[in-house]
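Q: Residue-level listing of the chains:
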Amino acid sequence: MTDARLIQRLEPAGLRLAPSQVWGGIRLVPVLRDEVRGDLRMTLRTYDDVAAVVSVKGGLKEPGLKYISYVPHGLVMTWGNRQAEAVYGTQLQAVDGKSLKAGPFSIRLLHRMVHREDRRQLRMLPLHLAMEGFLSLQFGGPEIAWAEYSREGLSRGLDPRSESSVPGWASPMLDGALRTFEIHPQQVGLLLFNADVLLSAFVVAHPDDYRALHRTLVEDFYGDLLLQYGFLGDAPELGLTLDDARVSSLEDLRNEVHRMRQDWADFHGFMAGSLFGASMSSTRVYKAGGFLLQRFHTSLDPAEENHIGEAIVGTDGSLEYLKTYRLSAAQTRRAYLLSQLAQCDWHLEDTAERLRTTASDLSLRLRNAGFGYLLKDSVLEAAQRKHRR
Amino acid sequence: MAALAEARVEQVTREDLVMFVNACFSCTGQREFYGDARGQSVSIEFLHQYILGNYRRLYARTLAAGINHFNQAQIILNLLASGSPADARDKAEEGALIAAALRALPPQRAFRVLESLRGRRINNRRARAIARDYVHGRANLAFDAVKYRSKLRAAVSHGHLKLEGELGPFLFRGWKKRSFTQPLLETFRRAHYTHEALYELPYTVAEGLAVKHGISREVFLRRIEPRLTAAERLRLQESAARERGTPPPVDLGRASLTKLALYVLALSPEVRRERHAELDAALEQAAARVLRRAPSPLQRVAAILDNSYSSSGSLEKRRRPLGVALATHYLLSAAAREYRAWWTCPVEEPLLVSARGQTDIATPLLEALAWGADLVVIVSDGYDNDPPKAVAELTRVFRSKLDPERHTALVHVNPVFDSEGYAPRSFGAAVPTVGVRDAEDVPTVLGFARFAEGVALLSELEAYLASRAGAMLQRDAGGLQGHDEGRRQDAPPVEEGES
Numbered sequence: 292m293t294d295a296r297l298i299q300r301l302e303p304a305g306l307r308l309a310p311s312q313v314w315g316g317i318r319l320v321p322v323l324r325d326e327v328r329g330d331l332r333m334t335l336r337t338y339d340d341v342a343a344v345v346s347v348k349g350g351l352k353e354p355g356l357k358y359i360s361y362v363p364h365g366l367v368m369t370w371g372n373r374q375a376e377a378v379y380g381t382q383l384q385a386v387d388g389k390s391l392k393a394g395p396f397s398i399r400l401l402h403r404m405v406h407r408e409d410r411r412q413l414r415m416l417p418l419h420l421a422m423e424g425f426l427s428l429q430f431g432g433p434e435i436a437w438a439e440y441s442r443e444g445l446s447r448g449l450d451p452r453s454e455s456s457v458p459g460w461a462s463p464m465l466d467g468a469l470r471t472f473e474i475h476p477q478q479v480g481l482l483l484f485n486a487d488v489l490l491s492a493f494v495v496a497h498p499d500d501y502r503a504l505h506r507t508l509v510e511d512f513y514g515d516l517l518l519q520y521g522f523l524g525d526a527p528e529l530g531l532t533l534d535d536a537r538v539s540s541l542e543d544l545r546n547e548v549h550r551m552r553q554d555w556a557d558f559h560g561f562m563a564g565s566l567f568g569a570s571m572s573s574t575r576v577y578k579a580g581g582f583l584l585q586r587f588h589t590s591l592d593p594a595e596e597n598h599i600g601e602a603i604v605g606t607d608g609s610l611e612y613l614k615t616y617r618l619s620a621a622q623t624r625r626a627y628l629l630s631q632l633a634q635c636d637w638h639l640e641d642t643a644e645r646l647r648t649t650a651s652d653l654s655l656r657l658r659n660a661g662f663g664y665l666l667k668d669s670v671l672e673a674a675q676r677k678h679r680r
Numbered sequence: 284m285a286a287l288a289e290a291r292v293e294q295v296t297r298e299d300l301v302m303f304v305n306a307c308f309s310c311t312g313q314r315e316f317y318g319d320a321r322g323q324s325v326s327i328e329f330l331h332q333y334i335l336g337n338y339r340r341l342y343a344r345t346l347a348a349g350i351n352h353f354n355q356a357q358i359i360l361n362l363l364a365s366g367s368p369a370d371a372r373d374k375a376e377e378g379a380l381i382a383a384a385l386r387a388l389p390p391q392r393a394f395r396v397l398e399s400l401r402g403r404r405i406n407n408r409r410a411r412a413i414a415r416d417y418v419h420g421r422a423n424l425a426f427d428a429v430k431y432r433s434k435l436r437a438a439v440s441h442g443h444l445k446l447e448g449e450l451g452p453f454l455f456r457g458w459k460k461r462s463f464t465q466p467l468l469e470t471f472r473r474a475h476y477t478h479e480a481l482y483e484l485p486y487t488v489a490e491g492l493a494v495k496h497g498i499s500r501e502v503f504l505r506r507i508e509p510r511l512t513a514a515e516r517l518r519l520q521e522s523a524a525r526e527r528g529t530p531p532p533v534d535l536g537r538a539s540l541t542k543l544a545l546y547v548l549a550l551s552p553e554v555r556r557e558r559h560a561e562l563d564a565a566l567e568q569a570a571a572r573v574l575r576r577a578p579s580p581l582q583r584v585a586a587i588l589d590n591s592y593s594s595s596g597s598l599e600k601r602r603r604p605l606g607v608a609l610a611t612h613y614l615l616s617a618a619a620r621e622y623r624a625w626w627t628c629p630v631e632e633p634l635l636v637s638a639r640g641q642t643d644i645a646t647p648l649l650e651a652l653a654w655g656a657d658l659v660v661i662v663s664d665g666y667d668n669d670p671p672k673a674v675a676e677l678t679r680v681f682r683s684k685l686d687p688e689r690h691t692a693l694v695h696v697n698p699v700f701d702s703e704g705y706a707p708r709s710f711g712a713a714v715p716t717v718g719v720r721d722a723e724d725v726p727t728v729l730g731f732a733r734f735a736e737g738v739a740l741l742s743e744l745e746a747y748l749a750s751r752a753g754a755m756l757q758r759d760a761g762g763l764q765g766h767d768e769g770r771r772q773d774a775p776p777v778e779e780g781e782s
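Each protein sequence line maps, in turn, to chains A and B.
According to the numbering used here, the stretch in the first sequence is residues 292 to 680, in order.
According to the numbering used here, the stretch in the second sequence is residues 284 to 782, in order.
Pulled out of the complex, with its shape left as it was, chain B reads as follows (with noise of 0.2 Å):
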């Protein structure tokens, strides 16, 4: 009797670990096609307390599973808020894990996390000790200072941090009647004053100065090009070409595979044919960067990619679904020895694909299955409506009749949240459901699937994520070594990230 609670504590604690990690790779408390942003942030937010309050390790380690940005800040404010462990063991890591899973953030989020900690009022030793850590461990703060003014300032405050030099007059005291002997706080000052000064600015920040000299927006961002970042080219596409005629000239090599992804379907079917081949280049050339980083070698993959008129996403996700499926679609092909991809509504080419048409899913799947295909991943929302949970059925039958020996492996990838059902939506019980936010995120996902799927043990999950977090903490201590080697006074302007 015992030994039968044991084990259901067990499954418990594992399907509630794997709830929460699929979550925490999906939602981001924005508005999703069918589910309003309310609902999401209360699913996220209960989800949250439910983990921290009955597994707090598996929760700081959860830091580590590759979950997207938005759940890591939740989860290290959350941590914050609650006190240390008592466990010496526990504190040490959960302190290293939060100060790391910070470091790794893009900057704008860090920050916010900083600044988030002064709404939610948390103030003890420990966010005190992190904010410092992570402040004084900026290569340069001055920068920063600029850039995140306003965040950084209620970072400062908050924590009762002292900063070196001329930053803590800058931030705090009368920084308009001073001069700056550093030369990016002076050409601050000297902004509010000349337009010369103003474009050796971040774009970020001359944008609103240039409105208050009224600069008119052609001739700003003529001058500040030289000063965006990849990210900020990629977004300027379009307004900039409306605004001047010319887009700002743009790697497209060297943009990340979702976004990019989410670029070109952004662009007309027309631009889209008669730039093939440049944006196909760059999609591949994205896809083999990410499997450079996280190689993973696939035999015979098949893609049931959903571009159903659900996958337009919201108007906070414009199009991520469909970008993400896309992206896949991309990663697969580059990762699989034999690869084909089969969308909901067929289209001619991959990279002219819309969101239109009802989601069926099962035809697709019955031509994947007759392929012989030994991995079929499916991208979609789980919203199947042609016929209605006519894939939960078939992946049924197809496991108990034709396939027990499971050859052909399914994964579900779902991109979206399901605030009602605390998950990413599922195709039932035959195909393992993952959340992911971005296509880079694949590889890692399609590793934790065999949790999804309920085959694999507590012990196994809790070593899984144990590795991930020693691999971060490791990751984390080399770069700070590799960072104070190779610190520069003049950092480059920092990429923004988006997830």
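Excised from the complex, chain A in its bound form (with noise of 0.2 Å):
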């Protein structure tokens, strides 16, 4: 079933732009929403686990497709007017799946990426649900048993299959990035931007939500350039001018400082616009109350800018929530690579051919991204001859 709201390009309607403020190479631009409607809101919930192991199909305890990773929160959504007035931290909360002891650890079992708690009330583990999305493409692998991959490929597919990424505390700039910032009155959201390239972006419904969401970013994952790009010198703290020919009152001069923040939120929407404006794929997650809680990916380019993310968008199309991701090089090119294998039917000389390579080389690149177990040893070892020679 396609949805008119599924995301086919995300238009960040309702909400504006204000200008950015740096700490060393790291810029922060709010975003801002002036008109609040107050039916969606966020709270947080934490994990104190070192792990958390989500099973994605069967139950808790049972065998079947997990998700393993660090969570260190989840977020609670809760929808309605219900719950319109309840404030961070004076709900009670439920007891979220189970927690076990290993050794001087506890690991966390979930139940599901999404899951539905009462009736108006729904967990979710913020971007994991993104990045599951992205470990999960063309997860079933080959589906016609080709003799050059290797009798685990073909029975189980891409399983395992992992990913790794940098949490925020691991640069430090990002923390004092995160204190020094002063949180506009309206603002629901954040761009996050370390020596101008977008890392992620996230936006909640409500300005509450997002003031008592906001240093838990220092503990979300964030893409491999955090790190990459963290030795690079400051971001530079840009400055506009004003045009001294047009001022010629005041009211000149208001009009003139009312243009430099539209110029400085047009800007941030050029420097955003990867995101904002880039065609999407979408996928439905779940549907609650009239809110529909979309996963997307950008179009898996290697030469372009890629992100994942998720989004909830009500039922006037507005942008509710969002929180995105941005892929690294490496993590694209396995993204790219495995969609133009299933293009052609996962068969390689078809593949290779699309590529414009041979499918020695393919069989290489395979490997080099990491999925030489999808492939017979004997197929690899051939094909390293050939590249030695």
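What the hints contain is simulated information worked out from the structure, not anything from laboratory work.
Glycine included, every Cβ here is placed at the ideal spot set by N, Cα and C.
Treat the hints loosely; a few may be bogus.
Capping the alpha-carbon separation at 20 Å, the derived lysine to aspartate or glutamate pairs in EDC-like fashion look like this [unchecked claim]: (1) B:K672 x A:D652; (2) A:K352 x A:D387; (3) B:K445 x B:D416; (4) B:K600 x A:E547; (5) B:K672 x A:D543; (6) B:K672 x A:D487; (7) A:K357 x A:D387; (8) A:K667 x A:D652; (9) B:K672 x B:E650; (10) B:K684 x A:D487; (11) B:K684 x A:E547; (12) A:K348 x A:D387; (13) B:K672 x A:D387; (14) B:K672 x A:D554; (15) B:K684 x A:D525; (16) B:K495 x B:E521; (17) B:K672 x A:E547.
Counterexamples of contact, computed for chain B against chain A with all Cβ distances above 10 Å [to be verified]: (18) F329; (19) T477; (20) A577.
Assemble the dimeric complex from its two separately framed chains, guided by the hints.
A: As structure tokens, then:
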């Protein structure tokens, strides 16, 4: 079923951008919402466990598909007016999943990435939802048993598939940037740039929720560029100028300052152009009341910036929640290779032709991307021999 | 060519001095919202060494410019550490300034300076003479010996000072064993053994002994109450209320303006609303008292007060920028004939202000200019981020296009020292920036603003510093005489200053 509210192109309707605040190499751009509906609220739920095992398919302690990661917190969303005045930290929280002791550590078992807890309450694991969608791209593996694929690859697909990311606290700059950031009264979100490349966007529905969730951004995970570009110099503190020639009264001056604000918003919109305005492929995850939770990814073309993320769209198509993750170049390459293979029904020769290369080169590329376990050893060895020659 | 070079030299000197005096108004080497303590202290130390090395006479005269206590102490130490100047007149003036500044400092800070002489291994003849004169000039040395025992002891042993009567033995030899004829020293001795004597000691001394005796905090606070100084009362309001239910009675009307503002900001909004009339009256009273001391009649004044999140200060300077803004609000409203205030995040009532939101100074500044103020005072840490650097541009265009004749004066008062810029952060060249630590200094720094603007000549700045130095020496001489006449054996508990 296709839904008109599935995001084709990310439009920040009802949102506007305010001038950035810079700390070291990190530039934080506030996202403001002028009209707050107040019927979708988010609260934080923290998990103090070293890791979480989420059953994506099957029961909590049964064998089945699992997603394993460090999950410091989840988000609990409530909708409808019933909870509109509930303040962060005042609700009683239900026990979520199970906590297992493993020596000095504890492991949290959670049921599904998105879990309905009450009639109007949903628990989700932010960004892990998008990441799980990314990991499960072409997860089934080859559908036709071509001779090149290993027995394991044919029977289990990509399982186990893994990706790595960087926690926010790995970058000392990010902590400082979030600490010194001055939250606007109408602020509902944040665009995070490191060395002036967009790393993440985070938007919620209500300003109070944003204020409560602001410092949790340091616990979230980000693309490799957070560290890789973390050693570059400071981001410039930009300053726009006013045009003297157009000012002859205080009213003109006021207009000029207004124009300056507009210029800032346009400029930040341009800086985030790879996310806002780019075409997306989205899949529906959950329908909660009038709200549609979905996850999306951009084109996955290695030549472009790519983001994955999740979003909630309201009944009127307004963007109520957004959280994105910038894929690293290697992650994009992996997704690209898999999608190319899938489009050619996993036939190596056809795919190689599509990519204008040879089958043996493609096998090496697959191995370098971390998918060597899909192919037979003999195929890889042959490719390597050919490559050496 | 030579004239050009001379003009350039003069400009550099003037800029250096303005930067230094500005830094000395605001910096205390403590952590700020954006800068850490290490950066702050390295930065201010460098400035001190640079000015001392290049402009020694002016460096000494800065002592009288109304700078904060931290920097006065630094200047005294640096001057004493670097020997005395060759010129006899300079030497005499410098010595007099050091002695006067030391006497004007709150006693705990002055004794700290003497103790630091030992820490920094400064022990020349002048330093010893300064320490000797200070210690012998104290009105009630026995009280100092009890309250600042370790510091006085350090000063005495380091400077080879001779003390009269029982003080020497009290500080150095077996005060545990013998009994003293001087009542306070005897009380201190007895307080080690009986509870009763403890309550006749200064609070800070009694506090440690109370722990030693295992007296419960509640009982201790109730019984020590008559001995509390006004500053201690103000400081203990919250914690004493927690411990024993009722805070020690405090006369808010007597507290200093900035401290009172900081105290008000530490209260919860509900309490502030409840006690609104009382707090409001106390702040107005404090402001009026400041103006009685330093009258500064102003005409039509607009204040733009920064209550963005960064005005919450740091752990070491909690809410100080906001406190300075609130105190300045009361001060200016009392000083000006017409007055209006704009907060960056609008508040219904100045007393209920809190540090929240972004720094949008451009919008209130435009409103203040439209209102037609003849003096606009901006109290802010200098980080405007909505939009960034808008104030610099706005004021530049305003000056060049709308107000080239300078009908409207703009002053930026900055309570935060920016360690990387070696000065309080400014809003560009069109607004003079002056540093400030307490709102009480605002009249002084408004007088200094014309130097920060860069229009006044170096000779004027030198004359200004010389006149301040002369006034300080005169005040000190007058104070000494008055002191001698009114010297009392039983001095009241000393007020503690904190700037």
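Q: Hints first: check each against the structure and report whether it holds.
A: Comparing the hints with the structure gives:
1. B:K672 x A:D652: 54 Å, violated
2. A:K352 x A:D387: Since the Cα atoms of A:K352 and A:D387 sit roughly 14 Å apart, the hinted pair holds (cutoff 20 Å).
3. B:K445 x B:D416: Holds, at about 11 Å.
4. B:K600 x A:E547: Violated, at about 37 Å.
5. B:K672 x A:D543: Between B:K672 and A:D543 the Cα gap is close to 18 Å, so the pair holds against 20 Å.
6. B:K672 x A:D487: Holds, at roughly 19 Å.
7. A:K357 x A:D387: Since the Cα atoms of A:K357 and A:D387 sit roughly 17 Å apart, the hinted pair holds (cutoff 20 Å).
8. A:K667 x A:D652: 15 Å, holds
9. B:K672 x B:E650: 18 Å, holds
10. B:K684 x A:D487: Roughly 35 Å separates the two Cα atoms, so the pair is violated.
11. B:K684 x A:E547: 13 Å, holds
12. A:K348 x A:D387: Distance ~17 Å between A:K348 and A:D387 Cα, so the pair holds.
13. B:K672 x A:D387: Answer violated: B:K672 to A:D387 is near 48 Å, above 20 Å.
14. B:K672 x A:D554: 14 Å, holds
15. B:K684 x A:D525: With a Cα-Cα distance of about 34 Å, the restraint between B:K684 and A:D525 is violated, given a limit of 20 Å.
16. B:K495 x B:E521: 24 Å, violated
17. B:K672 x A:E547: 14 Å, holds
18. F329: The claim holds: B:F329 sits with its nearest Cβ about 21 Å from chain A, beyond 10 Å.
19. T477: 50 Å, holds
20. A577: Given a closest Cβ separation of 33 Å, the condition holds.
The structure shown violates the earlier hints numbered 1, 4, 10, 13, 15 and 16.
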